[in-house]
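Fit chain F to the known structure of chain S by using the hints.
Number of protein chains: 2
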Amino acid sequence: MADALTQLKERLAKVTDVERVSRVLNWDQQTMMPPAGWRHRGEHLATLRRITHELLIDKETGRLLDELRALEDSLDPDSDDAALIRVARRDYEKAVRVPTELRAEMTRAAAEARTIWVKARAESDFELFRPALERNYELRRQYVDCFDDVDEPYDILLDDFEPETSTAEVTETFAELKPELIRLIAELRNEEVDDSFLRGTFAPEAQERLAKEVVTLFGFRPDTWRLDPTEHPFASGAGVDDIRITTHYDPATMKSFFSTMHEYGHGLYSHQLPRHLESLPTGGPCSLGIHESQSRLWENLVGRGRPFWQFFYPRAQETYPDQLRKVELDDFIAGINRVRPSLIRIKADEVTYGMHVILRFELEQDLVNGRVVVSDLPHVWNEKMHEYLSVDVPNDAEGVLQDTHWASGHIGYFSTYLLGTVMSVQIWEKVLDDVPDLEEQIERGEFGALRDWLGEHVHRLGRKFSPQETLRRATGATIDPKPYLAYLRAKYGAGVAA
Amino acid sequence: MADALTQLKERLAKVTDVERVSRVLNWDQQTMMPPAGWRHRGEHLATLRRITHELLIDKETGRLLDELRALEDSLDPDSDDAALIRVARRDYEKAVRVPTELRAEMTRAAAEARTIWVKARAESDFELFRPALERNYELRRQYVDCFDDVDEPYDILLDDFEPETSTAEVTETFAELKPELIRLIAELRNEEVDDSFLRGTFAPEAQERLAKEVVTLFGFRPDTWRLDPTEHPFASGAGVDDIRITTHYDPATMKSFFSTMHEYGHGLYSHQLPRHLESLPTGGPCSLGIHESQSRLWENLVGRGRPFWQFFYPRAQETYPDQLRKVELDDFIAGINRVRPSLIRIKADEVTYGMHVILRFELEQDLVNGRVVVSDLPHVWNEKMHEYLSVDVPNDAEGVLQDTHWASGHIGYFSTYLLGTVMSVQIWEKVLDDVPDLEEQIERGEFGALRDWLGEHVHRLGRKFSPQETLRRATGATIDPKPYLAYLRAKYGAGVAA
Numbered sequence: 001m002a003d004a005l006t007q008l009k010e011r012l013a014k015v016t017d018v019e020r021v022s023r024v025l026n027w028d029q030q031t032m033m034p035p036a037g038w039r040h041r042g043e044h045l046a047t048l049r050r051i052t053h054e055l056l057i058d059k060e061t062g063r064l065l066d067e068l069r070a071l072e073d074s075l076d077p078d079s080d081d082a083a084l085i086r087v088a089r090r091d092y093e094k095a096v097r098v099p100t101e102l103r104a105e106m107t108r109a110a111a112e113a114r115t116i117w118v119k120a121r122a123e124s125d126f127e128l129f130r131p132a133l134e135r136n137y138e139l140r141r142q143y144v145d146c147f148d149d150v151d152e153p154y155d156i157l158l159d160d161f162e163p164e165t166s167t168a169e170v171t172e173t174f175a176e177l178k179p180e181l182i183r184l185i186a187e188l189r190n191e192e193v194d195d196s197f198l199r200g201t202f203a204p205e206a207q208e209r210l211a212k213e214v215v216t217l218f219g220f221r222p223d224t225w226r227l228d229p230t231e232h233p234f235a236s237g238a239g240v241d242d243i244r245i246t247t248h249y250d251p252a253t254m255k256s257f258f259s260t261m262h263e264y265g266h267g268l269y270s271h272q273l274p275r276h277l278e279s280l281p282t283g284g285p286c287s288l289g290i291h292e293s294q295s296r297l298w299e300n301l302v303g304r305g306r307p308f309w310q311f312f313y314p315r316a317q318e319t320y321p322d323q324l325r326k327v328e329l330d331d332f333i334a335g336i337n338r339v340r341p342s343l344i345r346i347k348a349d350e351v352t353y354g355m356h357v358i359l360r361f362e363l364e365q366d367l368v369n370g371r372v373v374v375s376d377l378p379h380v381w382n383e384k385m386h387e388y389l390s391v392d393v394p395n396d397a398e399g400v401l402q403d404t405h406w407a408s409g410h411i412g413y414f415s416t417y418l419l420g421t422v423m424s425v426q427i428w429e430k431v432l433d434d435v436p437d438l439e440e441q442i443e444r445g446e447f448g449a450l451r452d453w454l455g456e457h458v459h460r461l462g463r464k465f466s467p468q469e470t471l472r473r474a475t476g477a478t479i480d481p482k483p484y485l486a487y488l489r490a491k492y493g494a495g496v497a498a
Numbered sequence: 001m002a003d004a005l006t007q008l009k010e011r012l013a014k015v016t017d018v019e020r021v022s023r024v025l026n027w028d029q030q031t032m033m034p035p036a037g038w039r040h041r042g043e044h045l046a047t048l049r050r051i052t053h054e055l056l057i058d059k060e061t062g063r064l065l066d067e068l069r070a071l072e073d074s075l076d077p078d079s080d081d082a083a084l085i086r087v088a089r090r091d092y093e094k095a096v097r098v099p100t101e102l103r104a105e106m107t108r109a110a111a112e113a114r115t116i117w118v119k120a121r122a123e124s125d126f127e128l129f130r131p132a133l134e135r136n137y138e139l140r141r142q143y144v145d146c147f148d149d150v151d152e153p154y155d156i157l158l159d160d161f162e163p164e165t166s167t168a169e170v171t172e173t174f175a176e177l178k179p180e181l182i183r184l185i186a187e188l189r190n191e192e193v194d195d196s197f198l199r200g201t202f203a204p205e206a207q208e209r210l211a212k213e214v215v216t217l218f219g220f221r222p223d224t225w226r227l228d229p230t231e232h233p234f235a236s237g238a239g240v241d242d243i244r245i246t247t248h249y250d251p252a253t254m255k256s257f258f259s260t261m262h263e264y265g266h267g268l269y270s271h272q273l274p275r276h277l278e279s280l281p282t283g284g285p286c287s288l289g290i291h292e293s294q295s296r297l298w299e300n301l302v303g304r305g306r307p308f309w310q311f312f313y314p315r316a317q318e319t320y321p322d323q324l325r326k327v328e329l330d331d332f333i334a335g336i337n338r339v340r341p342s343l344i345r346i347k348a349d350e351v352t353y354g355m356h357v358i359l360r361f362e363l364e365q366d367l368v369n370g371r372v373v374v375s376d377l378p379h380v381w382n383e384k385m386h387e388y389l390s391v392d393v394p395n396d397a398e399g400v401l402q403d404t405h406w407a408s409g410h411i412g413y414f415s416t417y418l419l420g421t422v423m424s425v426q427i428w429e430k431v432l433d434d435v436p437d438l439e440e441q442i443e444r445g446e447f448g449a450l451r452d453w454l455g456e457h458v459h460r461l462g463r464k465f466s467p468q469e470t471l472r473r474a475t476g477a478t479i480d481p482k483p484y485l486a487y488l489r490a491k492y493g494a495g496v497a498a
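Residue numbers (our numbering), protein chains in the order written: chain S, 1 to 498; chain F, 1 to 498.
In short, the hints are calculated from the structure, not lab data. We put the CB at the ideal spot given by N, CA and C, even for glycine. Take these hints with a grain of salt, some might be off.
Unchecked claim - Which residues of chain F face chain S? A few of them, derived with a C-beta cut under 8 Å, are:
(1) 19
(2) 23
(3) 24
(4) 30
(5) 32
(6) 33
(7) 43
(8) 47
(9) 226
(10) 227
(11) 239
(12) 334
For reference, chain S alone in the conformation it holds in the complex (with noise of 0.2 Å):
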């Protein structure tokens, strides 16, 4: 028994490696790889992406696994081997009903539709993306394909990026915060909050140097991270021990502020992943939704909260003192928490942002199901715009080319935005109870218990279980958008007479 469990790891070790390879080729391609270079990346990523499957379908990891079935009937379902081969299964029975090769096309053709996207996007031009996008969905659809006895195609997909999670679980999910979200968006959209200091001039140099500062408080290390610049902020890494966060700074606005405290999030979920199972996969995230509680818990639950910005606010108030000086904490509080309907998802409020990925979430589904052609999607796009947020679409850079997402082939991947934003309020109010005075320890620019907390009780569990079971674990509940409800509603109670 030994032996086979053993070889299980060594032939999982290999795919784990080159799947943080394929991480490190990812970020590199996005912050430092001559424009040029993605002529040979897609075909490296291609080439790494048919390795690891074929090392995962192949039969001698289905012999493994028919071997280990009784060691993993008689272990702890707790432990790391129960949970190993369990994860390793999943992982299998999915990857061996796809041909490698439409694995590999897959991964070639998002490498390529990226680099198109980013030229499109520049150039607000919808028409020159199309071809890669056609063929990004055509593949998703040849993949569903590969499945027998599939209900919902969208399960297929939404399942790579939220594991175990149906989508009509996430519909339920969202049907209850659909309306709720509508109403308060009328209620709040009129309201008058001053938050013209967060637009001016704010040089580069400074915002860098502040978006250090917060990290470096929040507990990045520098012989571990690194932070650098990008068009588009994201998280990446090879590893606990070799973290990557970007950010972008518009000279036009500070808010690569948030954006920095969310990739930090990010981060060190992956930075306090458990160390003794890096080589396997139950040492990987568990899931994109539950990778996004963190970010949304550092971006919203601290870095949009009193308590920070009562530490915090003189540090911004010196790095902008044009902008700044004679704004009240209060005031800047206020215009930080701001609701207003908005064209860019990524610069959106705690209110509206759902709106944004309900949006994407039902738009998917209509494109894989062939309910909506992709070359109607920028019409389609406007149109749910301006009906869920009563936006103008003005053109398809700031509408449907504003994301990354399907270029990079991440169709399936939205709603894990707005399910981590709804986990990260029931593990934030988890904290509370854990941590009594975490409040003042963040009034006093302290943040050890906070990130001791989430490592012990969520970074921790790794990928051992489903997100629910990983997120019922830390908080003692499934995913409920009861407590997100009543947190905006706190929040924006004042607009909220009702």
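For chain F alone, coordinates are given in the frame of chain S:
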């Protein structure tokens, strides 16, 4: 037949892609990776090596090569396909003798040793580095032991860097050089040449500006190239459209300028490799000797010559007015060509450089053959430096710890530097034959004809032929130290009255 060839190409394309990916990881490790990331990086590189080695030594590779023997015999030996089968057979026959775990461990140990070496060098602490170096040498001895009937163990190592080149052949070439170099050094070492203007304060920003200017002039294009600062200059990249060179800006000297030109030569070679073969082993560089012939050509034949400075000196004066305003062009050229024995190989002049290489070539053989043990290395190094260059080594950082090669597992590499230097002069003379107005072009800052000649006669051959066959096709002759010695005598004529 076509089927077997297609299959072989697919297999080798995978190997080639993964090797390219390893190059990006190596570049990243030396430029971008957070320091603690080395803990992952060694494993990741070892895993990639394990994968390429297994693909290469697989029985199926052998079967395909057997099947293709008849095709190979029927093809024009100069054809791409014949060259591919020939090169693949050579790689296969060498690799198949080596266990995968040894290959992976050689990679892992080298990545670890490189990290330890950085610290040991910074602290000038050979003892800290010794165990890692002993491990690297021990693993190379195990590697050599994989081969039968080896007369000269060092042949096996040398062949990994300079294929189809024996220790005896290199020794013969060096035997012709060594007495002449020693005589030249003795004649020139006390010559009065003022190069004091090369030392002083040179702002790294100004150095970077000038470095970018010169490589742009030579033919660096930002859509396909990068230039970054590192502690130790090197050239790397992921393919013809992703070229990455690095340099080191020491504020006490302007010598980064020469190392930048050197790395440009490497980069141009990689940039002009045969595009239609880029996913195959024949599309890679021929050998490190040929590689070095390209870097030395740009650094020395172009970059220390009068025609180049006739054009470029005003730019250097504008960049460093305090240091160069009052220095005449003739004095500047004399200064950058001053011959003076010194401690550091990469800072050595054209005459003493060869002795640094010969010293290492001899020491490597002594270590591999057990005539010297690693713990005696600093002592033996210092003695030989005294014997060959009459310099006293004040500390190991400026002695045996100065180069990264042994740490990185590149044992058998050094001689290629001098082989390349010798070949660079042979190639240069052939360019002068074919492009009679080359020097006039350079005086006008025009480098297109030189780039094209090198591309057509050297670069586009890739790895189709052995280094000596490549040189023969480019110049009509195999390696010959006489042109190099004649070049040195002509250049330093005044000092070599004899």
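Taking the hints in turn, this is what the structure says about them:
For residue 19 (chain F), the shortest C-beta to C-beta distance to chain S is roughly 10 Å, which exceeds 8 Å, and the interface hint is violated. Taking 8 Å as the C-beta cut-off, the interface hint given for residue 23 (chain F) is violated, the closest approach to chain S being about 10 Å. Given hint, residue 24 (chain F) at the interface with chain S, holds; its Cβ is 6 Å from that chain's nearest Cβ, closer than 8 Å. Checking residue 30 (chain F) against chain S by beta carbon gives a least distance of about 13 Å; that is not within 8 Å, so the hint is violated.
A least Cβ separation of about 7 Å between residue 32 (chain F) and chain S falls short of the 8 Å threshold, and the interface hint therefore holds. Annotation: residue 33 (chain F) was flagged as interfacial toward chain S, and the flag holds, the nearest CB pair being 6 Å apart, inside 8 Å. Look at residue 43 (chain F): its Cβ gets to within about 6 Å of chain S, closer than 8 Å, so that hint holds up. Interface hint at residue 47 (chain F): satisfied, since its Cβ lies 4 Å from the closest Cβ of chain S, which is below the 8 Å cut-off.
A distance limit of 8 Å between C-beta atoms decides the matter here; for residue 226 (chain F) the minimum to chain S is near 6 Å, and the interface restraint holds. Taken as an interface hint, residue 227 (chain F) does not check out: its beta carbon lies about 10 Å from the nearest beta carbon of chain S, beyond 8 Å. Taking 8 Å as the C-beta contact cut-off toward chain S, the hint placing residue 239 (chain F) at the interface holds, the least distance being around 4 Å. Below 8 Å, beta-carbon pairs count as interface contacts, and residue 334 (chain F) has none with chain S, the closest being about 38 Å; its hint is therefore violated.
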